[in-house]
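Student: The chain contents come next:
Protein chains: 2
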Amino acid sequence: MWRRIRPQTCDSGESALAASRSTTASKPRARRVSAPKVIAPGRRVALPVRGAFLQPLKRVVAPRGELSVAELGDGLPFVPKRYFVIADVPSGKVRGEHAHKRLQQFLVCLRGHVSVLVDDGRRRREVLLDSSDQGLYVPPMVWAAQYGYSRDAVLMVLASAPYLASDYLRDYDDFLARVRRAEARRAAAGGTP
Amino acid sequence: MWRRIRPQTCDSGESALAASRSTTASKPRARRVSAPKVIAPGRRVALPVRGAFLQPLKRVVAPRGELSVAELGDGLPFVPKRYFVIADVPSGKVRGEHAHKRLQQFLVCLRGHVSVLVDDGRRRREVLLDSSDQGLYVPPMVWAAQYGYSRDAVLMVLASAPYLASDYLRDYDDFLARVRRAEARRAAAGGTP
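So the protein sequences, as listed, match chains W and A.
First residue of the first sequence? That's 1 in the numbering used here, and the numbers climb one at a time after it.
First residue of the second sequence? That's 1001 in the numbering used here, and the numbers climb one at a time after it.
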């Protein structure tokens, strides 16, 4: 038979306060009266830049803090294979300034604010990301740059594939030339530019 | 033939400053002299709690800001199908306080700090997450709770599957009973408890 044991107390270096918190944490809590407020995700808002959109995300506001959430089929436009988080960007600095041949990205500003330029070679838009409950989808072959980071900005970027140096287009003229070639191919095939 | 056009300027509501920034953003920049400092990810550090570990993550420190990054096979222990971000948790509040039957989670504190209790029913540890360059892997059947959120804390949680209410174990005694049954099964099969 297995003895029923109490979980061990915390590491010796921890404070009595932490130990008491841990004990509290393991007990089922009394049912709370005030239910969390769930703000459903809105519909994606297409941008005039080819394929790019803003995605309102689900938010849960509760006395124990706020939560923003996205999952595949409900706000998250692809399965991320990579993420990166950008923070502590000095004022006036520009980041990004490239396009990807195949990579999809989803940008969520979790704290503070940042401006993102998206540009498909025909149209460009500046998008202000200032809330964790909206994500910006940047499709392949859209030039993007981020700037105007607030001091406290924390930008999370989810990416659809692992890092691949050859997927980056870092020269704007090269990017434009590729866009024009793709447009010409689509036109030749009878599509819109 | 396709006319080569300049990308349109920004939306009318935007300032001249933003427009000039956008123009700047689209030009290839001069090569920078100071290379970013890349801090390679360390090896995962196993915790005494069954299956849980701390994962040091890759970090890039550059004049244009800091970046922490993880990808499948390089710091990220599974493909996330869901993420959520917790912020603005009042001091003294406890979050989590449940285990999952199957779900894997990866917790990264992107700003501020938070303590996480992990407990496999035999051993428990308190882990302080206070840097975006370390992730805490919480496997299935490990009870977890977060507390001691700093005012500015932003906790990102990546999850291996979409939300499923029936995957949650919210009662600690129920969790313990399941742990003991699993131990008994392993012992009966000749394994360690």
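For the record, the hints were derived by calculation from the structure and aren't laboratory data.
Don't take every hint at face value.
[Stated by the list, open to error] So, partial list: chain W residues that the calculated Cβ filter (under 7 Å) puts toward chain A: (1) Gly-65; (2) Ser-68; (3) Lys-81; (4) Arg-111; (5) Ser-150; (6) Val-154.
[As the list claims (entries may be wrong)] Here are the simulated lysine-lysine pairs, BS3-like style, with alpha carbons at most 25 Å apart: (7) A:Lys-1081 <-> W:Lys-81; (8) W:Lys-81 <-> W:Lys-101; (9) W:Lys-37 <-> A:Lys-1093; (10) W:Lys-93 <-> A:Lys-1037; (11) W:Lys-37 <-> W:Lys-58; (12) W:Lys-58 <-> W:Lys-93; (13) A:Lys-1058 <-> A:Lys-1037; (14) W:Lys-58 <-> A:Lys-1058.
Glycine residues also receive a C-beta, built at the ideal position from the N, C-alpha and C atoms.
Student: Work down the list of hints and note, for each, if the structure agrees.
Tutor: Now the hints, each set against the structure:
The closest approach between the C-beta of Gly-65 of chain W and any C-beta of chain A is roughly 3 Å, which is under the 7 Å cut-off, so the hint is satisfied. This hint holds: Ser-68 of chain W has a C-beta 5 Å from the nearest C-beta of chain A, less than the 7 Å allowed. With a least beta-carbon distance of about 5 Å to chain A, the hint placing Lys-81 of chain W at the interface is held under the 7 Å criterion. A cut of 7 Å between beta carbons decides the hint on Arg-111 of chain W: the least distance to chain A is about 6 Å, and the hint holds.
Hint status for Ser-150 of chain W relative to chain A: violated, with the closest Cβ pair at about 12 Å, above 7 Å. Hint status for Val-154 of chain W: holds, given a least beta-carbon distance of 5 Å to chain A, under 7 Å. Between Lys-1081 of chain A and Lys-81 of chain W the CA atoms are separated by roughly 10 Å; this keeps the pair inside 25 Å, and the hint holds. Of the supplied pair hints, the one linking Lys-81 of chain W and Lys-101 of chain W holds, its CA atoms being roughly 16 Å apart against a limit of 25 Å.
With a C-alpha separation of about 17 Å, the suggested pair Lys-37 of chain W and Lys-1093 of chain A falls inside the 25 Å cut-off, and the hint holds. For the hint linking Lys-93 of chain W to Lys-1037 of chain A, the alpha-carbon distance of about 17 Å falls within 25 Å, and the restraint holds. For the hint linking Lys-37 of chain W to Lys-58 of chain W, the alpha-carbon distance of about 11 Å falls within 25 Å, and the restraint holds. Taking the CA atoms of Lys-58 of chain W and Lys-93 of chain W, the gap is about 31 Å. The hint is violated against a cut of 25 Å.
Restraint check: the Cα-Cα separation between Lys-1058 of chain A and Lys-1037 of chain A comes to about 11 Å, which is no more than 25 Å; the hinted pair holds. As the CA atoms of Lys-58 of chain W and Lys-1058 of chain A are separated by approximately 29 Å, the hinted pair breaks the 25 Å bound.
Consistency note: the structure conflicts with the earlier hints numbered 5, 12, 14.
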